[in-house]
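Student: Working from the sequences, and respecting the hints, build out all of it.
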Amino acid sequence: MNQPQPESPVAPPGAAQRALGAIDRVAAVVIIAIMAAMVVVVSLQVFLRYAFNTSIDWADDVGRLLFVWAIFLTIPLGIREGIHIGIELVVKLFSPAVQRALLRLMGTLTIIMMAVVCYQAVMVTIDQWDELLPTLDVTVAIFMIPVAIGAAHSVLHLLRLVALGVQPQAKEAIE
Amino acid sequence: MSVAIFIGFALLAAFGMPIAFALGFSALGAVMVSDVSLNLLPQRMMHAVNSFPLMSIPFFIIAGELMIKAGIVERLIALANAIVGRVPGGLAHVTMLSGAGLATVSGAAVSDASALATILGPSLTKAYDRGFATSIIAAAANLGPIIPPSGAMIVYAFMAGASVSVGGMFMAGVIPGLIITVGFMLICSWYAWHRGYPLTGDGFRLGNVLREIGRSWIILLMPIVVIGGIVGGAFTATEGSAIAVVYALAIGFFVTRRLKLADLPQVLLRSALTTAMVGTLIACASVVTYMLTVDLLPQKLTTFIQALTSSPMMFLLLVTILLFLVGMFLESNAAYIMLVPLLHPIALKYGIDPLHFGFLFVLNLVIGMLTPPVGVVLFVVCGITKVPMRELVYALWPFVTLMYGVLLLCMLFPPIVTWLPRMLGYGT
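Heads up: the sequence lines are chains A and B, in that order.
Heads up: the first sequence runs through residues 1 to 175, numbered per the working numbering.
Heads up: the second sequence runs through residues 1 to 428, numbered per the working numbering.
Bear in mind the hints are in silico, worked out from the structure with no lab data behind them.
From a predicted model like this one, the values you see are computed outputs, not experimental measurements.
Incorrect hints may appear among the rest.
[Stated by the list, open to error] Label pairs and their in silico Cβ distance ranges:
#1 Leu424/B to Arg49/A: 20 to 26 Å
#2 Lys92/A to Ser123/B: 30 to 36 Å
#3 Met328/B to Phe47/A: 41 to 47 Å
#4 Val90/A to Leu261/B: 44 to 50 Å
#5 Ile213/B to Arg18/A: 52 to 58 Å
#6 Leu89/A to Asp263/B: 34 to 40 Å
#7 Thr309/B to Lys92/A: 36 to 42 Å
#8 Ala19/A to Met423/B: 57 to 63 Å
#9 Thr309/B to Val90/A: 31 to 37 Å
Note that the Cβ used here is the ideal one computed from N, Cα and C, for glycine as well.
Tutor: Following this line, the structure appears as structure tokens:
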């Protein structure tokens with residue numbers, strides 16, 4: 001999110017922030033593993049096709065599945081890093097206090113949206129649990145699970161953002 | 001309902017909500033006041049990014065970053081220096097050729113700007129005045145999304161649907177990309193001659209050129225293998241981009257030997273972050289697009305614009321003006337995701353070639369990356385070189401003017417864009 005600069009130093013991390021930091025680090029490791037797996041699956045598919053004239057039936061499904069997981073798990077880290085682009089021109093016209101209030105208001109509205117997405121994703125996951133993917137003996141709901149996880153993790157970051165009223169430093173997120 | 005969605009989105013975005021979330025919240029409001037079930041939200045968001053072609057975005061980002069970390073920019077600079085280092089404005093030409101070379105392995109202006117500003121920025125600011133030096137970097141970096149591969153073209157092709165292929169878009173950018181590169185170099189020559197900049201670099205020696213080609217051929221081969229493979233039908237754009245990653249890894253580990261295993265996690269995570277930024281926009285915009293379709297907005301918009309003008313050229317001019325304004329205030333990925341689903345079908349109704357329209361659209365927004373107040377390339381170059389934005393923007397206008405000139409040329413003479421893709425079997 002686009003933020004005003006902090007007026008005072010951010011308080012030292014409490015237990016909740018440390019817990020969120022730990023979740024972020026786990027998410028980062030999972031995302032890195034997923035991205036690496038995506039490269040391996042897709043390049044292996046090409047290699048097998050040209051070297052051995054064969055292919056993996058599930059490569060396409062698994063590639064897309066990994067991609068969906070990567071995107072939705074990364075959204076909360078993006079919130080923390082402030083990579084989700086916005087327009088700052090109007091906000092910058094206001095005083096720092098108003099900027100902070102706007103940041104909190106927009107953060108709260110985003111929490112509402114993410115909470116609805118999370119709840120609905122859980123409902124869809126439950127609905128789809130018995131359906132299987134055509135190429136793998138796995139539930140199709142596996143595509144919806146990262147949407148719920150990513151939205152829930154995003155809510156945590158947005159709560160932090162609303163509580164602090166400032167954008168945390170990007171480096172905190174993943175180092 | 002469409003008007004309410006737009007007003008809601010505009011207000012939220014103006015008051016600082018990130019564009020993706022402003023789209024998502026507007027869509028949530030629209031879904032809640034309609035008969036549509038709320039579970040549409042996660043389902044459409046997930047399906048929007050559940051796409052094999054979209055996977056090429058992170059792969060090309062990873063490949064570009066790995067190649068930069070592997071030290072290819074230094075080799076490209078050495079090659080360019082051996083060829084044009086001693087001509088007037090030599091260092092500027094070296095930057096332009098390096099930018100063009102980097103563009104063939106990277107699909108993004110931002111990473112190219114970062115690499116060129118870091119490596120060539122200090123030498124350029126010593127050789128030339130700061131404004132001219134940084135404007136060269138910004139212009140050279142902006143070749144990234146024009147010369148294939150191009151992340152912008154992948155996003156455009158995805159949003160435009162079946163009528164536009166990634167390979168066709170890539171090929172559409174080749175000739176205009178070369179024209180712009182040559183044009184940039186002519187501008188550099190004129191400035192060097194006009195301002196009497198001293199000669200830099202080594203004199204031209206064939207042996208030196210051949211030695212640098214020997215060091216760089218493996219890098220220059222990458223776009224031939226990857227883009228050639230995609231265009232030749234040997235593999236899809238996504239497969240080609242994954243091969244680009246493997247190729248970049250091989251170069252970094254075994255040829256330049258500058259890549260370390262410890263570099264990989266950061267490269268992968270940064271690529272995931274950039275992809276998630278685009279992916280969130282696509283996911284949230286897909287719900288808005290669905291609600292606008294329910295409200296028949298695309299049909300209404302088509303009827304409205306066709307009532308304004310029956311001329312395809314006038315339509316292109318209107319779109320150019322719109323994108324000029326949008327490019328000044330909106331990040332380009334957001335603009336593709338919000339506007340392509342609305343404007344591309346109208347262009348088809350006017351009988352405009354999809355590749356022609358697609359390329360003009362992309363070029364327009366690529367130029368927007370160089371125009372203030374929201375010019376992402378400007379931020380990167382100024383951030384790294386510590387040169388004030390005002391100096392850069394003032395020096396940049398000849399390059400921006402040239403790009404608009406090429407845009408107009410491509411608009412008036414579509415074969416500049418469509419000839420190569422047609423020759424290779426793309427399009428109608």
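Student: Next, verify each hint and record whether it holds.
Tutor: Structure-based check of each hint:
Between Leu424/B and Arg49/A the CB atoms are about 22 Å apart, so this pair conforms to the stated range of 20 to 26 Å. With their beta carbons about 35 Å apart, Lys92/A and Ser123/B fall inside the hinted range of 30 to 36 Å. The given range of 41 to 47 Å is respected by Met328/B and Phe47/A, whose C-beta atoms sit roughly 45 Å from each other. Distance hint for Val90/A and Leu261/B: a CB-CB separation of about 45 Å, consistent with the stated range 44 to 50 Å.
Taken as a hint, the range 52 to 58 Å holds for the pair Ile213/B and Arg18/A, whose Cβ atoms sit roughly 54 Å apart. At about 37 Å, the CB distance of Leu89/A to Asp263/B agrees with the hint of 34 to 40 Å. Hint check: Thr309/B to Lys92/A, Cβ distance near 37 Å, so the stated range 36 to 42 Å holds. Between Ala19/A and Met423/B, the C-beta spacing of about 59 Å keeps the proposed range 57 to 63 Å intact.
For the pair Thr309/B and Val90/A, the supplied restraint of 31 to 37 Å holds, since their beta-carbon distance comes to about 32 Å.
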